[in-house]
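Please build the complex by placing chain F on the supplied structure of chain S, with the hints as guidance.
Here the protein sequences come in this chain order: S and F.
Number 220 in numbering that gives the first Met the number 0 belongs to position 221 of the first sequence; there are no gaps in the numbering.
Number 163 in numbering that gives the first Met the number 0 belongs to position 164 of the second sequence; there are no gaps in the numbering.
It is worth saying that the hints were derived from the structure and are not from the lab.
Note that this is a predicted model, so its numbers are computed, not measured.
Where hints are given, some of them may not hold.
[Unchecked claim] Partner residues aside, some chain S positions facing chain F, computed with beta carbon under 10 angstroms:
(1) Leu88
(2) Gly177
(3) Gly181
(4) Met230
[Stated by the list, open to error] Pairs of lysine-lysine residues, derived as DSS-like cross-links and limited to a Cα-Cα distance of at most 25 angstroms, are as follows:
(5) F/Lys8 - S/Lys105
(6) F/Lys286 - S/Lys105
(7) F/Lys286 - S/Lys186
(8) S/Lys104 - F/Lys8
All C-beta atoms, glycine included, are put in the ideal place defined by N, C-alpha and C.
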Amino acid sequence: MPTSATRATKAAGFRIVMWGFALFAIVPFALLILTSLKSQPDLMRGAFALPSRLHFENFVSAWVDGHFSTYFRNSVLVVVPVVIGGVVLGTMSGFAFAFLSFPLKKMTFVMLTLGMMVPTEAYIIPLYYEMLHLGLINTYAALILPQIAMSVPFATLFMASAMQQLPVDILEAARIDGASRGRILTKVILPLMGPSISSLSLFLFIWTWNEFLIPLILVNDDSLRTLPLGMLFFQGRNTINIPVLTAGAVVVILPVIIAFLFFQRKFIDGLTAGASK
Amino acid sequence: MKISPLDGKPAANLLFVLPSMIVYVVFVFGPIFAAAGLSFTEWNGLSRPVFVGLSNYTALLSDASFLLALKNNAILLIFYCLVPLAIGMVLASAVSTVGSHERLAIRTLLFLPYIMPSAVIGIVWRWLYNPVFGPINQGLKQIGLGALAIPWLGDLTWALPAVGFVVVWYYFGFCMVIFLTGLQRLDPSIYEASRIDGAGPIYTFRRITFPLLLPEVRIVLLLTIIASIKSFDLIFTMTRGGPSNTTLVPNIYMYEMGFQLSRYGYAAAVAIFGAIIIFAVNYAVHKFIKPKDGV
Chain S
0 MPTSATRATK AAGFRIVMWG FALFAIVPFA LLILTSLKSQ PDLMRGAFAL
50 PSRLHFENFV SAWVDGHFST YFRNSVLVVV PVVIGGVVLG TMSGFAFAFL
100 SFPLKKMTFV MLTLGMMVPT EAYIIPLYYE MLHLGLINTY AALILPQIAM
150 SVPFATLFMA SAMQQLPVDI LEAARIDGAS RGRILTKVIL PLMGPSISSL
200 SLFLFIWTWN EFLIPLILVN DDSLRTLPLG MLFFQGRNTI NIPVLTAGAV
250 VVILPVIIAF LFFQRKFIDG LTAGASK
Chain F
0 MKISPLDGKP AANLLFVLPS MIVYVVFVFG PIFAAAGLSF TEWNGLSRPV
50 FVGLSNYTAL LSDASFLLAL KNNAILLIFY CLVPLAIGMV LASAVSTVGS
100 HERLAIRTLL FLPYIMPSAV IGIVWRWLYN PVFGPINQGL KQIGLGALAI
150 PWLGDLTWAL PAVGFVVVWY YFGFCMVIFL TGLQRLDPSI YEASRIDGAG
200 PIYTFRRITF PLLLPEVRIV LLLTIIASIK SFDLIFTMTR GGPSNTTLVP
250 NIYMYEMGFQ LSRYGYAAAV AIFGAIIIFA VNYAVHKFIK PKDGV
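Chain S with its partners taken away, still in its complex shape:
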C-alpha cells in the first residue's frame, strides 16, 4: 500500500510531466510571438533574449511590404463564400438525407463518403486541367468553387445527423399546417439549427483558412494568394528578416487562435465527436 506521501509525490510528478508537455505544445507559438516583436539587433543577441522594446513595426512591414494585407484580404474573400456556400448546400442536401427519399440515395451517400476519404492530392491534376479549360486559373472562382465542393460531403452528413435529432412532432405539426417544405426548412428547422450551423461554419472556416494545395496549384498570381501561400512566397523572397517573417506567421495564425479560444469547447467536442463516428 502506498503511503499518502508517496502518492502526493507521484501526483506532483504526473503534474510536472503534464505541464511539461503543455509547454512543449505552446513554446513554438511563444517564440513566434516573441520574435515578431524584436528588432534585428535584438535577434542577434540570441533567440531567447527579450527585446529592448516592442517592435510592432514588424507587423506594419509584413502587412505593407510583405503584401500580407493582400493575402489577408484574399483569405477573407475566399473563406466567406466557401463557408456560406458550404452551409447553404449542406443544409439543403442534409435536409434531403435526413427526411426525403430520392433515387440512388444509398449510392449518393457512398459517393460522398468516398470523397471524404480521398485526399485532394489524388485529384488535383484533373482539377487543375478542368480549371484551365474553364478559364478559371488565377481567379477567385478557382479558389472558391472546389473548396465549396470539398465541403459538401462533411457539411451534408453533419447537417443530416443534426436534423435527425429534431423532434418529429414539430415537423409533423408544420406539415399538417400545410407549409411547403422550403418554408419548413427555413422557418421551422433553421431556427433550431443555430448551434450546428455555427459549429459547421467554424470547421469550414478553419479548413479553408488553412488550405494550402488548392491555392498552390490553381493560382500563381501573387495578388490572388491566400495567407498560407503568401507566407511561403514571402519566405522565398525574404529569408533574412526573421522578425518580419514571424510577424507574418502571427498574422496567419492569430485569427485561428482567436476563433479557437472563443469557441474551444465547441471545437474540441465537435472535432473529436466527428472523429468518433
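For chain F alone, coordinates are given in the frame of chain S:
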C-alpha cells in the same frame, strides 16, 4: 428506413440534393474518376493522353524514388501514429486525474497545434530548426550541447526524424484529447474496484484502461495513419522532400512528377496508389481492431 412526414415526390425531393451534388461531382467526384483514368495513360499535359494500361503502376513498383518515398512514409508512421498514440494515452491518464479547470486548460493548450495551418507550421519549424539563427540550435549551444547543434533539416540522417518530431508535436495533443474524452466515458467504479483489489497502476492500465479505450485507439490509428499517407503541406514547406530525397513522401513525389516534370499520367498513378492505400488501411483498421460489444 421509416417514412418521414416531410417526404414528397422524388422529383421535388431532388431539388434539395441536386445543387450540392452537381457542385460536388463537377469539382471533386469527377476529378477523382478522371485521375483514376489518367493513371492508365501517359500524358505530358499538351498532346492527347496515350492509353498505356497498367504500365504506370508496374513502373512504380520498380521506381527506386517511389519505393524510397513509401519507405520514408512507413518510417514516418512511427511519428504520426505510434508516438502520439503512446504519449497521448499516458498523458490522458494523468490529465484525467486533475481538477476540471486544470484539465480544461491542459486540453486547450495541447489541442492548439492540431488546428494550425500545417503549411505555416512547416515554415515556422524550418525557422526553429535553422542551423544559424534557429532557436533550437541556439538553445542547445546555451546549455552546453553545441555538439548536437547540427543542421537538422539538411542532414541526411536526421532530416526525417526531425520532420517526424514536428509531426509528433502536431498530433500528440489531438490524441490526448480523444483519449481523455474516452476516459471520461468510463465508469470510475471500475478503477475503485481494481484499486481495492490491490492492482498496481501498470496492471490497471494494461488490463482495464487500454482494453476499454479500444474504440478511441481505433479512431486514433485510423486518423493518424491516413494523415501520414496524406502528408504534403508540412513536408513541402519544411524540406520539399530533401535533402536528396531523404524526406520524400508519395504526395511530394506526385507533385514533382506532375507539376514539375509534366508526367501527369505517372503522377496520377502515384496519387491513386495513395488513395488505394487509404482505403486498405480503413478496411484493415475496421476489420481487425474490434472493440468488444457494449463498449
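Now for the hints, and whether the structure bears them out:
Hint on S/Leu88 holds. Least Cβ distance to chain F is approximately 4 angstroms, under the 10 angstroms limit. Annotation: interface hint on S/Gly177 violated; nearest CB of chain F at approximately 12 angstroms, more than 10 angstroms. Annotation: S/Gly181 was flagged as interfacial toward chain F, and the flag holds, the nearest CB pair being 9 angstroms apart, inside 10 angstroms. Hint status for S/Met230 relative to chain F: holds, with the closest Cβ pair at about 5 angstroms, below 10 angstroms.
Between F/Lys8 and S/Lys105 the alpha-carbon distance is near 18 angstroms, which keeps this suggested pair within the 25 angstroms criterion. For the proposed pair F/Lys286 and S/Lys105, the alpha carbon gap of about 22 angstroms is at most 25 angstroms, so the pair holds. The straight-line distance between the Cα atoms of F/Lys286 and S/Lys186 is roughly 44 angstroms, outside the 25 angstroms bound, and the hint therefore fails. Restraint check: the Cα-Cα separation between S/Lys104 and F/Lys8 comes to about 14 angstroms, which is no more than 25 angstroms; the hinted pair holds.
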